[in-house]
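We have chain A; now place chain B onto it with these hints.
Going down the list, the sequences are from chains A and B.
Mind the numbering: the first sequence is residues 1 to 278 in our numbering, read in order.
Mind the numbering: the second sequence is residues 1001 to 1125 in our numbering, read in order.
Just so you know, these hints were derived from the structure itself, not from any lab.
Please read all numbers here as calculations on a predicted model, not as lab measurements.
There could be a bad hint or two in this list.
[As the list claims (entries may be wrong)] Calculated cross-link-like contacts (lysine-lysine; reagent style DSS-like; alpha-carbon spacing at most 25 Å):
no., chain 1, residue 1, chain 2, residue 2
1, B, K1119, A, K139
2, A, K131, B, K1107
3, A, K134, B, K1107
4, B, K1029, A, K11
5, B, K1119, A, K138
6, B, K1111, A, K134
7, A, K138, B, K1111
8, A, K134, A, K193
9, A, K137, B, K1107
10, A, K204, A, K193
11, A, K138, B, K1107
12, B, K1125, B, K1107
13, A, K131, B, K1111
14, B, K1121, A, K139
15, B, K1125, A, K137
16, B, K1121, A, K11
17, B, K1125, A, K134
18, B, K1119, A, K11
19, B, K1125, A, K10
20, B, K1111, B, K1125
[Unchecked claim] Label-pair distances were calculated between CB atoms; the ranges are:
no., chain 1, residue 1, chain 2, residue 2, range
21, A, V215, B, V1021, 35 to 43 Å
22, B, W1055, A, P132, 30 to 38 Å
23, B, M1061, A, L8, 42 to 50 Å
Each residue gets a CB set at the ideal place from its N, CA and C atoms; glycine is no exception.
Single-letter residue listing:
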Amino acid sequence: MRSDTPELFKKIFALSAVAILIVGFFLAFIEMPKGWSVNVNGRVSRLYILKNVRTATKLLDSGSFFAKGMKPLRTDVAYTPIEFKKTANLEDGAANVVTSIVVDYRGFDTLGEVTVLFLAVSGVMMLLFGKPRKEKKKKTEPSLIMYVGTRIAFSIIFLFGIYIFVHGHLTPGGGFPGGTVIASGILGLFLGKRGYNPNHAGLKSFEALSGIAFVIIGLIGLFSVNSFLANFLPTGIVGNLYSAGFVALIYIAIGMKVGAELAAMVDTMITDTEEEWS
Amino acid sequence: MMQEFLQNWIYFIASLSLVGVGLYIVLTKENIFRIIVGLNIIESGTNLFMVAIAWHPNAVMPIYTATNHLMVNGKVVTADPLPQSLVLTAIVIGLGTTALALAIGIKIFEKYGTLDVRKIKEAEK
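In isolation and in its complexed conformation, chain B is listed as follows:
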């Protein structure tokens, strides 16, 4: 019972809780770098969700090797490779956006001398 429940739901619960933790961080933290960390946690949650959609306990990885046959008796027995390739794209774009966000954070620190969003707002007045 417990094993079946875990097999069914563990990746979805994990991905959803990652998105929840990231959203909580983004909403409550004041430090800009911590907000960027929260965004990255949301991103890993969505990536895990997309990979988990394509996954099945009995499926093999979608790579042909000497012992890995993706088709058995004419039936496909692999995990779906399409969400995996989309996640590959999403990871690279996440890297680019994180680097850009960190660069903007560095510039904000140089101008205001702080990373606290509230103090930056007060300094603007």
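The following block holds chain A by itself, in its conformation from the complex:
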């Protein structure tokens, strides 16, 4: 596209690209198998089930749907239903199944995810690094109500963030949302006072130490259970605060790391720097 191309032509081009995407998506649907003779559980996606909600619901109620073609993982022990606050010593023990996948079964993946976030934040810091601007732009000073109110709100938001990441294995939430909540409280402190300057060395060392704690927990699993990031603690009773082994420990480390990281990023973005371009 050149800059003298008419506007209408560009819009038609974009709309046709979108139309090709939509048509291709539905063509991919048509190619999927039909009929209930195929084993649904062998397929990767559940899209196929969603096409026929009524039939799927009927099969689900009669109990013949999910059991079709499914074999129990273990036949040596009898099936016992899991009861909240009663069943003990499960394989993972987290009440929140998503958490048990994210932290326990795919813990290495989560380590990579934390690394990606760290790289993104260091990229932002590298790009926005510079000397603070000498002639400061004129901005209105926040009022006293704002200054006091953000401080009061910060303590409550901080406590709520800690609650979210400590209860990550019981309720929706976990390390990443908890850390973001804490960082939003620190953003409030920045808005409440102009030129608010957090303890940079403290933030950096906090972030580094919690990152190291994650790896150390993984290494303890490597040396005690012979697998990196393996659960080395007893899993306890489903639904108790002290359950699910190391899931809570890792989520505390992740929450502190994400909170410190995002607070440092907010600090970098809010500081007005100048740079001389050649």
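Chain B alone, transformed into the frame defined by chain A:
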């Protein structure tokens, strides 16, 4: 009929139209920040698609509580938790990439004094 159609297709139509709207924005807009907004809309479309794959009208959320039994008579009755955990990863990575893209946009504005991609191209000549 209508209800069944909505139950079957509403999330897929919504996610697909989000991806379409985002793609249209990315292809037509000239402002860099608007392009970043378009990328974010595409990202939310894909996230909604992944969550909708795992969803069923009669399924419960995959969290054990006092009243929420994930297994009834030996059959699983939850939504599939694996796409949800993948979406959790995708959201965090989307946050990181958005922050990096915004920082690059700030630097481009400092150098060229504009966010219009065409004017930046002309200034380069």
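*Measure nothing beyond the straight line between the CA atoms of B:K1119 and A:K138; if it is 25 Å or shorter, mark the hint as holding.*
Violated, because 29 Å separates the two Cα atoms, which is more than 25 Å.
_Restraint status (C-alpha distance of B:K1121 to A:K139 at most 25 Å)_ = The given pair, whose Cα atoms are some 33 Å apart, is violated under the 25 Å limit.
*Taken at face value, is the distance from the CA of B:K1111 to the CA of A:K138 at most 25 Å?*
Roughly 22 Å separates the two Cα atoms, so the pair holds.
*asked:* Check the hint pairing B:K1125 with A:K134 against an upper bound of 25 Å on the C-alpha distance.
replied: violated (32 Å)
_Next pair to validate is A:K137 with B:K1107; report whether the Cα-Cα distance is within 25 Å._
holds (18 Å)
_Hint check: B:K1125 vs A:K137, CA-CA at most 25 Å. Holds or violated?_
Violated. B:K1125 to A:K137 sits at ~32 Å, over the 25 Å cutoff.
*Is the hinted pair B:K1125 and A:K10 satisfied, with a Cα-Cα distance of at most 25 Å?*
OK: B:K1125 and A:K10 at ~23 Å, within 25 Å.
*Straight-line Cα separation of A:K138 and B:K1107 no greater than 25 Å?*
Holds, at roughly 22 Å.
_Verify the CB-CB distance for B:M1061 and A:L8 against the hinted window 42 to 50 Å._
holds (48 Å)
*Has the given pair, A:K131 with B:K1107, been kept, meaning a C-alpha gap of at most 25 Å?*
Answer holds: A:K131 to B:K1107 is near 14 Å, not above 25 Å.
*Between B:K1111 and A:K134, is the straight-line Cα distance small enough, at 25 Å or below?*
holds (19 Å)
*For the pair supplied as a hint, B:K1029 and A:K11, is the alpha-carbon distance within the 25 Å limit?*
holds (10 Å)
Of the numbered hints given earlier, the model fails hints 1, 5, 14, 15, 17, 22; all others are met.
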